[in-house]
Structure formats: C-alpha cells, structure tokens
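Visitor: Residues per chain are reported as follows:
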Amino acid sequence: MKIKQKARQNPRIAALLALAEVLDEHKSLADCLSLAALRASRDGALARHLTYGVLRWLTALEWLAAQLFSKPLKSRDRDIRRLVLLGLQQLWHDHTASHAAINETAECARLLGKPWAVGLVNAVLRRFQREQHALLERLEQRDERFAHPRWLLNEIKQDWPDSWQQILDANNRQAPLWMRINRRRADEAILHEQLRDAGFETVGHPFAKDAICLTPAAAVMRIPGFEKGWLSVQDPAAQLARDLINPQSSERILDACAAPGGKTAHLLESCPDIDLVVLDRKAGRVAQIDQNLERLGLPVNGGIAETRAADATSPKDWWNGKAFSKILLDAPCSATGVIRRHPEIKWLRSGKQVDAVVQTQAELLAALWPLLQPGGVLVYATCSILKRENEFQVQGFIEQHADAELVKTTVDWGTALAGGRQIMPGEAQMDGFFYAVLRKAA
Amino acid sequence: MAELNILEFPDPRLKVMAKTVESFDAALKKLVADMTETMYSANGIGLAATQVNVHKRLLVLDVSENHDQPCVYINPQILDRSGEQISEEGCLSVPGIYANVKRAENVTVKAQDADGNFFEERLEGLHAVCVQHEMDHLIGRLFVDYLSPLRRNMVKKKLEKQRKTAAQEAAEHLVI
Numbered sequence: 001m002k003i004k005q006k007a008r009q010n011p012r013i014a015a016l017l018a019l020a021e022v023l024d025e026h027k028s029l030a031d032c033l034s035l036a037a038l039r040a041s042r043d044g045a046l047a048r049h050l051t052y053g054v055l056r057w058l059t060a061l062e063w064l065a066a067q068l069f070s071k072p073l074k075s076r077d078r079d080i081r082r083l084v085l086l087g088l089q090q091l092w093h094d095h096t097a098s099h100a101a102i103n104e105t106a107e108c109a110r111l112l113g114k115p116w117a118v119g120l121v122n123a124v125l126r127r128f129q130r131e132q133h134a135l136l137e138r139l140e141q142r143d144e145r146f147a148h149p150r151w152l153l154n155e156i157k158q159d160w161p162d163s164w165q166q167i168l169d170a171n172n173r174q175a176p177l178w179m180r181i182n183r184r185r186a187d188e189a190i191l192h193e194q195l196r197d198a199g200f201e202t203v204g205h206p207f208a209k210d211a212i213c214l215t216p217a218a219a220v221m222r223i224p225g226f227e228k229g230w231l232s233v234q235d236p237a238a239q240l241a242r243d244l245i246n247p248q249s250s251e252r253i254l255d256a257c258a259a260p261g262g263k264t265a266h267l268l269e270s271c272p273d274i275d276l277v278v279l280d281r282k283a284g285r286v287a288q289i290d291q292n293l294e295r296l297g298l299p300v301n302g303g304i305a306e307t308r309a310a311d312a313t314s315p316k317d318w319w320n321g322k323a324f325s326k327i328l329l330d331a332p333c334s335a336t337g338v339i340r341r342h343p344e345i346k347w348l349r350s351g352k353q354v355d356a357v358v359q360t361q362a363e364l365l366a367a368l369w370p371l372l373q374p375g376g377v378l379v380y381a382t383c384s385i386l387k388r389e390n391e392f393q394v395q396g397f398i399e400q401h402a403d404a405e406l407v408k409t410t411v412d413w414g415t416a417l418a419g420g421r422q423i424m425p426g427e428a429q430m431d432g433f434f435y436a437v438l439r440k441a442a
Numbered sequence: 443m444a445e446l447n448i449l450e451f452p453d454p455r456l457k458v459m460a461k462t463v464e465s466f467d468a469a470l471k472k473l474v475a476d477m478t479e480t481m482y483s484a485n486g487i488g489l490a491a492t493q494v495n496v497h498k499r500l501l502v503l504d505v506s507e508n509h510d511q512p513c514v515y516i517n518p519q520i521l522d523r524s525g526e527q528i529s530e531e532g533c534l535s536v537p538g539i540y541a542n543v544k545r546a547e548n549v550t551v552k553a554q555d556a557d558g559n560f561f562e563e564r565l566e567g568l569h570a571v572c573v574q575h576e577m578d579h580l581i582g583r584l585f586v587d588y589l590s591p592l593r594r595n596m597v598k599k600k601l602e603k604q605r606k607t608a609a610q611e612a613a614e615h616l617v618i
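Taken in sequence, the protein lines are chains A and B.
Mapping of the first sequence onto our numbering: position 90 corresponds to residue 90, and the numbering continues sequentially without gaps.
For our numbering, add 442 to where a residue sits in the second sequence, where the first one is 1.
Keep in mind that the hints were calculated from the coordinates and are not lab data.
Just to be clear, a hint being listed does not mean it is correct.
Per the computed footprint, the stretches of chain B lying under chain A, defined by three or more beta-carbons under 8 angstroms from a beta-carbon of chain A, are [unchecked claim]:
hint : region
1    : 449-463
2    : 546-558
The calculated label-pair distances, taken between Cβ atoms and stated as ranges, are [as the list claims (entries may be wrong)]:
hint : chain 1 : residue 1 : chain 2 : residue 2 : range
3    : A       : 194       : B       : 462       : 42 to 50 angstroms
4    : B       : 530       : A       : 119       : 21 to 29 angstroms
5    : A       : 119       : B       : 590       : 51 to 59 angstroms
6    : A       : 165       : B       : 507       : 31 to 39 angstroms
7    : A       : 201       : B       : 557       : 52 to 60 angstroms
8    : A       : 93        : B       : 599       : 44 to 52 angstroms
9    : B       : 595       : A       : 201       : 43 to 51 angstroms
10   : A       : 151       : B       : 528       : 53 to 61 angstroms
11   : B       : 526       : A       : 93        : 17 to 25 angstroms
Taking beta-carbon pairs under 7 angstroms as the criterion, some of the chain A residues facing chain B (in silico) [claimed, not checked]:
hint : residue
12   : 150
13   : 153
14   : 157
Note that beta-carbon positions come from the ideal geometry of N, C-alpha and C, so glycine has one too.
Model the full assembly from the supplied sequences, consistent with the hints where possible.
Guide: This is how it looks when you write it as structure tokens:
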C-alpha cells in the first residue's frame, strides 16, 4: 500500500522551501532544514540538486522568468515565481525530459495550495520551450547571464580585468568531491580497494599530495573509510596550508580560526607531536573541531592538541605568554573563492559585509603578530578572491610592520602576486584560495 | 538484500491466490528482508508477497512516521472487525492512482512472525487499513476492485498512458 506523500516530501516542494530558507531567512544551504529532512533518500538528492541549480543561476533564471510572464506576480505569490525558476532550471540546464519537468513542476502549485497556478506555470514553461532559442540569445547580451550580484561582479571585474569571465564561469560550475587521506591511519591498499568496490573512481592531485578526487560524488556516510577516519572532505587548495606550515616535531604552533578543523587535522595527521593550540571564536564550532579530530583518531585536550573557544584578536584571554614558532591564520572571509560549492554565498553577502570582514582580518593579523617568535612564520589564508581581503590586506600589514617580510614561496601552484599567492577557482580543479607567508625578522 | 520487482496492474499474476507458509527457514527470512527493502525503496507503507510474484501468505508493512518500525505478518487471519473508515489508498502495483476505499475501523489480526511464533493484535486507523489492503492482495484483490467498472477502466487506461510516456522518457534520456 502507498499513501500520498506529504507536500514537504516532494523533492520540488522541498527545494522551494529550501530556497525560501536561504533567500528569505538568509540561512546557508548546509543549515536548510527542508533539505536535511530528505537527506538520505533519492528525493533528497534531487531536491538538493534543484536548490543548488537555482541558486547557481538565480539572476539569469529571474531574467528569463520576467520575459515569460505577461504581467508580474504579486509578492505573496513568490513561491509560484520560484516554482517557475525551478522549472526553467530543469529545462535549461538539466537533462530532465521536458514534459516530466513541466508537469511535475506545475503540479507542485496544487501542493502549495494554489491550484489556479498549475495552468499558469505550465503555460510559462511551455512558452520557454518554444522561445528558448531567442530568449537565451538575448540573455547572452546581458549581465544577468553571469548570475552574480552587481557589487560582486564589479569587484571581480576590477580585481581581475583579464580573467574575470573565467572566474565567473568557474563559480557557476559544480565542484568535484575532493577528500584528504589520513595517511597516519588509513590502510591505503584496502582503502583503494574498498573505494573501487563501492564504484568510485579516484584521481590524485598534482599539488596536494594527500588529496583524492572521488567520482561520482556521494554522501560522506556512504564513502568507505569515512567513518573509520581514513578520509575527510577537503578541497586540495585548503590542503596546501599544511605544506606552507610544514610542521616539525615539538614545534609550538597556533591555529587561530580553526573550525571546522580540516587544516588542524591535516597538521596533526602529518606531524602528531607538535605543540598545537587550536582556537575558534564560537564554542559550538570548537565542539565540531573536537568531533572531527576524534573521528580521525587525533585525541584532543590532554592528548596532542588543545582546543578552546576564544577570540584570537584578544590574546590576553587565552595566551600563556609562550611565543609560537608558527601561526596559521585561516581568516574569516567573504568565501568568494568557494562559490562553486556554496552558490548561496552570492546572494547572502553584501559589499558592506566584506568591509567588516576586511576589518576583522586586519585586527587578527595585528593581534597575533606579537605572539610570533622572532624568525617565526605566519601563514595568512583566505578562501577569497577579492584583493582587499588578500593582496591589499597583506601589503597594508607589511607597510605597518617593519619586522614583517613576505616570504617568496617556491611552489608550482597559484599565481605569485606582490602580496602572496592566489589560486583561482577551478585552477587545477581547486577552490579559489589565497596564501601569504610572512616571516618575522630575527 | 535485494530489491524485488513489483508487479503492476493489470498483471494477471496479481490475481493468484497465495498459499499458507509452512517452513520458517532462512529463505523465508531473506524474502522478508528483501520485501521490506523493496517497500522502503518504493516509498510504500505495505507490501504483500503476491506483489513481488511470490504466492505465499506473507506481508510486510511500516506505518510509522519515520519508517523505522517494519512489521511482518505471516499467515494472517482477521478474527474480528468492527466500525467503518474511509481513507485514500494507493498501491505500489497501481502507481500514481489514489482512491477512497471503505474498510473496517478496527481489526483483530492473528498471524505468525518470521520464526513461526503466533501473535494477536488489535489494530486501528492506518495500521488496520494497511493490513486489510495487503491481505486483499493475498487473495488476488486490488483496491481498484472496489471501484466502479467504469472508473477501474479509466485507471487501466491512465496506467497504460503512464507506461508509454515513461518508456518515451527513458528513450529520450538514452539519446542525451
């Protein structure tokens, strides 16, 4: 026997609810309850796929929809407008058979309690089918095709006059699933065999030597070795932090903004007997670090690392006065380098918020620099592609600190700039990332 | 565990009468596990052996909110029924069709578990509906048999059309 699904179990309705959570309540996709409710099921995968797709192409879809409606919908019917966006996304970008996409999508209007809109959604989507060639050609002439907010589009164009189009293009592509092998724990022969048996293809990375790319992507719980702590989800760009810190036995190292602890774990996996202090500002996020380290078999507090909830900009609250030989400052940032993984970032951030985060970055750099011993290095990292958070931030810092010197890194990845190294999104299949290595005069 | 193929109306094998289960062996346990998996993966709340072309008196169901309370009824018998309820039913063998069906509100069921132990339960609401729906399968009856001949014929036509478009869709996917 079967009973009719509740509306929220319908993948398209779940996607609509998730869109409302992101666009109206400003939640990140990872926190969307409507997607979490469907997590394990096949419908869950479809709901997630649709939600990500609409957020990836939002302004382009909105422009298309505006051309197709003969008159705009009332604001209380924005669920119907979003339903049309969902339908357009399927017709335009997915290879959903058109009649299925149109009918299933239009039927959702009924589940939303708006049966009057079934015919309308149907008609609008069929009109797109008929006119899509001309419409898409017109879209090609407009900035909406980039599907980025105006402020961000302008800033990317200004920062990267030669490569802005590649950046926007990479931001709108789906990211591959990259993982990090826990070389301290994983039996690699068995791991590779289990991955192969589970139907995954694996590829390594030219620069990040612990990185492994899994296709097809899958929920982590379905990946053999994840629960045993053999693997973690982490982009290769983030894995390069370990190489720059290059931890050595008994070195005293600070990981200042550590949550969720991916880079922390990587440092400990490669050199467990470092004297590592791990901070994050929020207690909940510190608990997340502890959890991750535990899964990876890296005991915390009393074991090899010390994690605590503390504000790195205020060392008097947590610092015992012993200088660090190395500091990793993975600073809070606009996350504009990881838009391909988190398309909602485009619609949740504003230029003003970036002003505030640039200020925080400057405060962190200034507060942590005195904690570094002479001759020590500070690795400044962001997952941003904006110069004011990266190159300009570092240059400004060096101007104000006579004892700070930018170390020329001899690595093969990224582009060397006056203030550090920038990895562009999509470059060697990596997220957009920035690193600067600063040495304190001895 | 394996997912089993579900027969669809108007497949004549859905009309076969199921026989009493006599041996409670490992093969039976495997069948129960496979049927439970098949039911979950098809988003069903109940599945009778008849629907997977096994003609034994056996059904699985799970009417819980979180789909985490699977039950099995082997050689079920209804000892007592009372009251009336009408609810909208659908069936994994009649995909996409839902219709109101009148059933008993309460039923007392006697059945055996996978080890052959007898038990008796008094059921109500959806649980009672589901057991009655599944027990109908075991005697070759579908919920659409409660509809008027005219409506049953409409259902048949709608299903044929659905199957045709599904085949078309699959073909289109292959081209892409």
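Visitor: It remains to establish, for every hint, whether it holds in the given structure.
Guide: Verification of the supplied hints:
1. Requiring three or more residues with a Cβ within less than 8 angstroms of a Cβ of chain A, the coverage given for the region 449-463 of chain B is violated, as only 0 such residues are present.
2. Coverage of the region 546-558 of chain B by chain A is violated [criterion: at least 3 residues with CB-CB distance below 8 angstroms; count 0].
3. For the hinted restraint 42 to 50 angstroms between residue 194 of chain A and residue 462 of chain B, the CB-CB distance of approximately 44 angstroms keeps it satisfied.
4. For residue 530 of chain B and residue 119 of chain A, the Cβ-Cβ distance of about 24 angstroms falls inside the hinted range of 21 to 29 angstroms, so the restraint holds.
5. Checked against the given bound of 51 to 59 angstroms, the beta carbons of residue 119 of chain A and residue 590 of chain B, roughly 29 angstroms apart, lie outside it.
6. Range check, residue 165 of chain A to residue 507 of chain B: about 50 angstroms between beta-carbon atoms, so the 31 to 39 angstroms window is missed.
7. Under the hint 52 to 60 angstroms, the C-beta atoms of residue 201 of chain A and residue 557 of chain B, about 44 angstroms apart, miss the expected range.
8. Checking the proposed 44 to 52 angstroms range against residue 93 of chain A and residue 599 of chain B shows it is violated: the Cβ atoms sit about 35 angstroms from each other.
9. As the Cβ distance of residue 595 of chain B to residue 201 of chain A is approximately 50 angstroms, the hint placing it in 43 to 51 angstroms holds.
10. One distance hint, 53 to 61 angstroms for the beta-carbon pair residue 151 of chain A and residue 528 of chain B, holds here, with the actual separation near 58 angstroms.
11. A hinted range of 17 to 25 angstroms is violated for the C-beta pair residue 526 of chain B and residue 93 of chain A, which are about 51 angstroms apart.
12. With its C-beta approaching chain B no nearer than about 35 angstroms, residue 150 of chain A sits outside the 7 angstroms limit, and its interface hint is violated.
13. Look at residue 153 of chain A: its Cβ only gets to about 32 angstroms from chain B, farther than 7 angstroms, so that hint breaks.
14. Residue-level restraint check for residue 157 of chain A is violated (minimum Cβ-Cβ distance to chain B is 35 angstroms; threshold 7 angstroms).
In the structure shown, a violation is registered for the earlier hints numbered 1, 2, 5, 6, 7, 8, 11, 12, 13 and 14, in ascending order.
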